[in-house]
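If you read the protein sequences in the order shown, they are chains A and B. Okay, so the first sequence: first residue is 1 according to the working numbering, each after it adds one. Okay, so the second sequence: first residue is 211 according to the working numbering, each after it adds one.
A hint or two may mislead.
Here are the simulated SDA-like cross-link-like pairs (lysine to any residue), alpha carbons at most 20 Å apart as the crow flies [said to hold, decoys possible]:
#, chain 1, residue 1, chain 2, residue 2
1, A, LYS43, B, PRO502
2, A, LYS43, B, LYS307
3, B, LYS291, A, MET117
4, B, LYS307, A, LEU139
5, A, LYS33, B, PHE293
6, B, LYS243, A, ARG27
7, B, LYS291, A, LEU139
8, A, LYS33, B, ALA507
9, A, LYS122, B, LYS307
10, B, LYS514, A, GLY201
11, B, LYS578, A, PHE71
12, A, LYS122, B, GLU273
13, A, LYS39, B, GLU512
14, A, LYS33, B, PHE246
15, B, LYS272, A, PHE124
16, B, LYS272, A, PRO204
17, B, LYS291, A, ILE26
18, B, LYS291, A, GLY178
19, B, LYS578, A, PRO204
20, B, LYS272, A, SER133
21, B, LYS530, B, VAL384
22, B, LYS578, A, MET56
23, B, LYS272, B, TYR560
24, B, LYS307, A, PHE71
25, A, LYS43, A, MET56
26, B, LYS578, A, LEU126
27, B, LYS578, A, GLY131
28, B, LYS272, A, LEU126
29, A, LYS66, B, ARG576
30, B, LYS307, A, ARG130
31, A, LYS39, B, ARG510
32, B, LYS478, B, LYS514
33, B, LYS578, A, ARG54
34, B, LYS410, B, PRO427
35, A, LYS66, B, SER596
Listed next, the stretches of chain A that the computed footprint assigns to chain B, with coverage defined by at least 3 CB atoms under 8 Å from CB atoms of chain B [to be verified]:
#, segment
36, 36–44
37, 99–111
38, 134–144
39, 165–171
40, 185–195
Don't read these hints as lab results, they were simulated from the structure. Using N, Cα and C, we set each Cβ at its ideal position, and we do this for glycine too.
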Amino acid sequence: MFFSILRVGVIVSVTFSIVSLATLIIRTFSFGKRTTYAKAQGKAGDGIIYAFGRGMMPWEKESAAKHLPTFTAGIIYHMAIFSAILFVIALLIPISVSSGVIQIIRLILIAGLLCGMGLLIKRFLLPYMRGISCLDDFLSNLIVDLFLMTAFLATLSPDFVSPFFIMAIITFLYIPMGKIRHCFFFFYTRIIFGRYFGRRGVLPHPSRET
Amino acid sequence: MNESAEKKDPFDLKISQLSDEDIRRALQVFHDKLDFGAAAFMNSCVHCGLCADSCHYYLATKEIESLPAYKLNLLLSVFKKYFTLVGRTAPGLNGAKALDRKLIGEWIDTLFGRCTMCGRCTLNCSVGIDIARVIRIGRSALASIGLVPPELQSTVNAAVEKGNNMGIPTEEWVETVKWLEEELQREVSDPEARLPMDKKNVNFLYTVNPREPKFFPLSLLAAAKIFYAARESWTVARDHYDVTNYGLFSGDDEAARLISSRLVQSMKELEIKTLILGECGHGFKSHRWEAPEWLAAAYRFEVKSIIQVLADYIRQGRIKLDSTRQQKAVTLHDPCNLVRMGGIIEEQRYILKNTVANFVEMHPNREKNFCCGGGGGQLSMTRYASRRLKAGQVKADQIRKTGARIVVAPCHNCIDQLSELNKEYKLGVEIKTVAEIVADALVL
Numbered sequence: 001m002f003f004s005i006l007r008v009g010v011i012v013s014v015t016f017s018i019v020s021l022a023t024l025i026i027r028t029f030s031f032g033k034r035t036t037y038a039k040a041q042g043k044a045g046d047g048i049i050y051a052f053g054r055g056m057m058p059w060e061k062e063s064a065a066k067h068l069p070t071f072t073a074g075i076i077y078h079m080a081i082f083s084a085i086l087f088v089i090a091l092l093i094p095i096s097v098s099s100g101v102i103q104i105i106r107l108i109l110i111a112g113l114l115c116g117m118g119l120l121i122k123r124f125l126l127p128y129m130r131g132i133s134c135l136d137d138f139l140s141n142l143i144v145d146l147f148l149m150t151a152f153l154a155t156l157s158p159d160f161v162s163p164f165f166i167m168a169i170i171t172f173l174y175i176p177m178g179k180i181r182h183c184f185f186f187f188y189t190r191i192i193f194g195r196y197f198g199r200r201g202v203l204p205h206p207s208r209e210t
Numbered sequence: 211m212n213e214s215a216e217k218k219d220p221f222d223l224k225i226s227q228l229s230d231e232d233i234r235r236a237l238q239v240f241h242d243k244l245d246f247g248a249a250a251f252m253n254s255c256v257h258c259g260l261c262a263d264s265c266h267y268y269l270a271t272k273e274i275e276s277l278p279a280y281k282l283n284l285l286l287s288v289f290k291k292y293f294t295l296v297g298r299t300a301p302g303l304n305g306a307k308a309l310d311r312k313l314i315g316e317w318i319d320t321l322f323g324r325c326t327m328c329g330r331c332t333l334n335c336s337v338g339i340d341i342a343r344v345i346r347i348g349r350s351a352l353a354s355i356g357l358v359p360p361e362l363q364s365t366v367n368a369a370v371e372k373g374n375n376m377g378i379p380t381e382e383w384v385e386t387v388k389w390l391e392e393e394l395q396r397e398v399s400d401p402e403a404r405l406p407m408d409k410k411n412v413n414f415l416y417t418v419n420p421r422e423p424k425f426f427p428l429s430l431l432a433a434a435k436i437f438y439a440a441r442e443s444w445t446v447a448r449d450h451y452d453v454t455n456y457g458l459f460s461g462d463d464e465a466a467r468l469i470s471s472r473l474v475q476s477m478k479e480l481e482i483k484t485l486i487l488g489e490c491g492h493g494f495k496s497h498r499w500e501a502p503e504w505l506a507a508a509y510r511f512e513v514k515s516i517i518q519v520l521a522d523y524i525r526q527g528r529i530k531l532d533s534t535r536q537q538k539a540v541t542l543h544d545p546c547n548l549v550r551m552g553g554i555i556e557e558q559r560y561i562l563k564n565t566v567a568n569f570v571e572m573h574p575n576r577e578k579n580f581c582c583g584g585g586g587g588q589l590s591m592t593r594y595a596s597r598r599l600k601a602g603q604v605k606a607d608q609i610r611k612t613g614a615r616i617v618v619a620p621c622h623n624c625i626d627q628l629s630e631l632n633k634e635y636k637l638g639v640e641i642k643t644v645a646e647i648v649a650d651a652l653v654l
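Build out the structure end to end from the sequences listed, making use of the hints.
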């Protein structure tokens, strides 16, 4: 009975999250779209493709290259989050997952959890990181870390599926409240970034000697 | 007024005397300038801090106020407070803050005093937030309540009231052009050589930074000499010849629109099909990319940088250059507004490789180059001069590492800043425009 309630709870929280994020997007659109009159020099489409591909790579982006451990931790952290979400879906439907896949998910989850905790510790310890952080920055990280931790435990024993569902409910309810909303806005921002530099013929630049 | 108030900077006094209506107006402008893109940016920052090392201000000072995410946060906190449900109901959670006099003071010091709007942080942002654009929105809100630092505002006012940012009287400009024409005739030994003014139906209208007629006339002479060598049909305008537009930096769209509209007017009156922008980074960004947005209309003429014109002359064999004349090592500074924000990236390299014997790149370069520190209106805002020079250390180090004796910069603002850095950091380099170094290599 309790488990069924939790299942419904997860579905409701996911629905809440999607509806809230959709509302946020609509509100953001209500600020209006800027018409572009300047004649393009390059192709917006090429810029957008670059923004989602090569433009994310450490050899293209100095900030990623200079902070390779943080960049890598971020990538692993996000892979773990997506794995945990897929795991929730698999448990909700339910879909039987082979032990091999479970092993891979487990590995990604524990690696992601360690990375997430590392990023949280970095935020606590470095003065400049504390200086740009608000409560939401710590809370978002903590909630997601607990979500990953319970997901990892749930891969080890069915006893932890209920705590995992509870954390899933909390996570999905929190997504629209704090900075985790970037999971939606990231794509819009990246498109705008690619379009801007693509139209101006700045990115993607052709391969050339440096 | 008491004694301490008398000693206070009148600009600071202005902040303390802001009315609630002023603050409401600033908020309204802040809201009105946001479009979907900017609002998406406001929802995207994850405070990862990876932008820190991309900013020359932060690298040089390590002050948190100079960290791009911190600067963005000043605007984000206000966005959250007024335009998000969580910010209104639980401001403690997401750092939402009401816009008050204290925060406005911080906005001024940070948005004007710690940012050149060079866009390097945008390129390095994990998400891709156009921080420079959001900073300009903040500047626009401040401009709407008269809180642009007075030195920058006076530059805008001069352009609006007198037609050019240095307030050069028309007679002085006409006299300078006549004198330069005589110099050109002497240099090329041709009494028929011209520096044309207000000539209709020519190939292009050439615009200059008013610093050229005022302080660096040889820079304009260099361009005229190249046009002469290329047998170009061109002209400058008698009234509206200023390539700069400090409205870009002050955030005042009305002023920016007016300044840009004058060049459009000149193009129309002189019936010319191509506008050539002189060596000015922000001038290029303003008139090539932003002005059509300010004017809400597409241009009916082509807009190019002189850099593109010079590269074409070389490609088409219209000018002959002797690259062996200049044997000193020459490096190139990439102005942010021309390169990273403007898309003129390879032409200047092509020109230099054909003009000098020993061209060396500085690192990083092209769109990844560091700002010299002179953009964003910093050169006019003398109140932030020491900070500007400190932030320029990053550029000074870049130049020193190249071992070059000559630095070429296709931007007069950059040249002014580089000249100051040259003295401050004892670089011992010569600083030239692209036209100057090409003119030196011309074979007539």
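We went through each hint and held it up to the structure:
1. A:LYS43 <-> B:PRO502: holds (18 Å)
2. A:LYS43 <-> B:LYS307: The hint is violated at about 39 Å.
3. B:LYS291 <-> A:MET117: violated (29 Å)
4. B:LYS307 <-> A:LEU139: holds (19 Å)
5. A:LYS33 <-> B:PHE293: holds (17 Å)
6. B:LYS243 <-> A:ARG27: The given pair, whose Cα atoms are some 15 Å apart, holds under the 20 Å limit.
7. B:LYS291 <-> A:LEU139: Within the cut-off at roughly 19 Å; holds.
8. A:LYS33 <-> B:ALA507: Roughly 15 Å separates the two Cα atoms, so the pair holds.
9. A:LYS122 <-> B:LYS307: violated (25 Å)
10. B:LYS514 <-> A:GLY201: holds (14 Å)
11. B:LYS578 <-> A:PHE71: Roughly 19 Å separates the two Cα atoms, so the pair holds.
12. A:LYS122 <-> B:GLU273: Holds - the C-alpha atoms of GLU273 (chain B) and LYS122 (chain A) are around 18 Å apart, at most 20 Å.
13. A:LYS39 <-> B:GLU512: Status holds; Cα separation ~9 Å.
14. A:LYS33 <-> B:PHE246: holds (5 Å)
15. B:LYS272 <-> A:PHE124: Roughly 18 Å between the alpha carbons, so the hint for LYS272 (chain B) and PHE124 (chain A) holds.
16. B:LYS272 <-> A:PRO204: violated (31 Å)
17. B:LYS291 <-> A:ILE26: Judged against 20 Å, a Cα distance of about 19 Å means the pair holds.
18. B:LYS291 <-> A:GLY178: holds (13 Å)
19. B:LYS578 <-> A:PRO204: Given that 20 Å is the threshold and the Cα spacing comes to 12 Å, the pair holds.
20. B:LYS272 <-> A:SER133: holds (17 Å)
21. B:LYS530 <-> B:VAL384: violated (30 Å)
22. B:LYS578 <-> A:MET56: This hinted pair holds, its Cα atoms lying about 14 Å apart.
23. B:LYS272 <-> B:TYR560: violated (37 Å)
24. B:LYS307 <-> A:PHE71: violated (30 Å)
25. A:LYS43 <-> A:MET56: Distance of about 19 Å is within 20 Å: holds.
26. B:LYS578 <-> A:LEU126: Judged against 20 Å, a Cα distance of about 26 Å means the pair is violated.
27. B:LYS578 <-> A:GLY131: Given that 20 Å is the threshold and the Cα spacing comes to 26 Å, the pair is violated.
28. B:LYS272 <-> A:LEU126: Cα-Cα ~13 Å, so holds.
29. A:LYS66 <-> B:ARG576: Within the cut-off at roughly 18 Å; holds.
30. B:LYS307 <-> A:ARG130: Judged against 20 Å, a Cα distance of about 17 Å means the pair holds.
31. A:LYS39 <-> B:ARG510: Holds, at about 10 Å.
32. B:LYS478 <-> B:LYS514: holds (17 Å)
33. B:LYS578 <-> A:ARG54: holds (15 Å)
34. B:LYS410 <-> B:PRO427: violated (24 Å)
35. A:LYS66 <-> B:SER596: Not satisfied, since the Cα-Cα distance of roughly 28 Å exceeds 20 Å.
36. 36–44: Since 6 is at least three, the answer is holds.
37. 99–111: The restraint on the segment 99–111 of chain A is violated, since only 0 of its residues have a Cβ under 8 Å from chain B and three are required.
38. 134–144: holds (count 5)
39. 165–171: violated (count 0)
40. 185–195: Held - the segment 185–195 of chain A has 8 residues with a Cβ nearer than 8 Å to chain B, which meets the minimum of three.
Consistency note: the structure conflicts with the earlier hints numbered 2, 3, 9, 16, 21, 23, 24, 26, 27, 34, 35, 37, 39.
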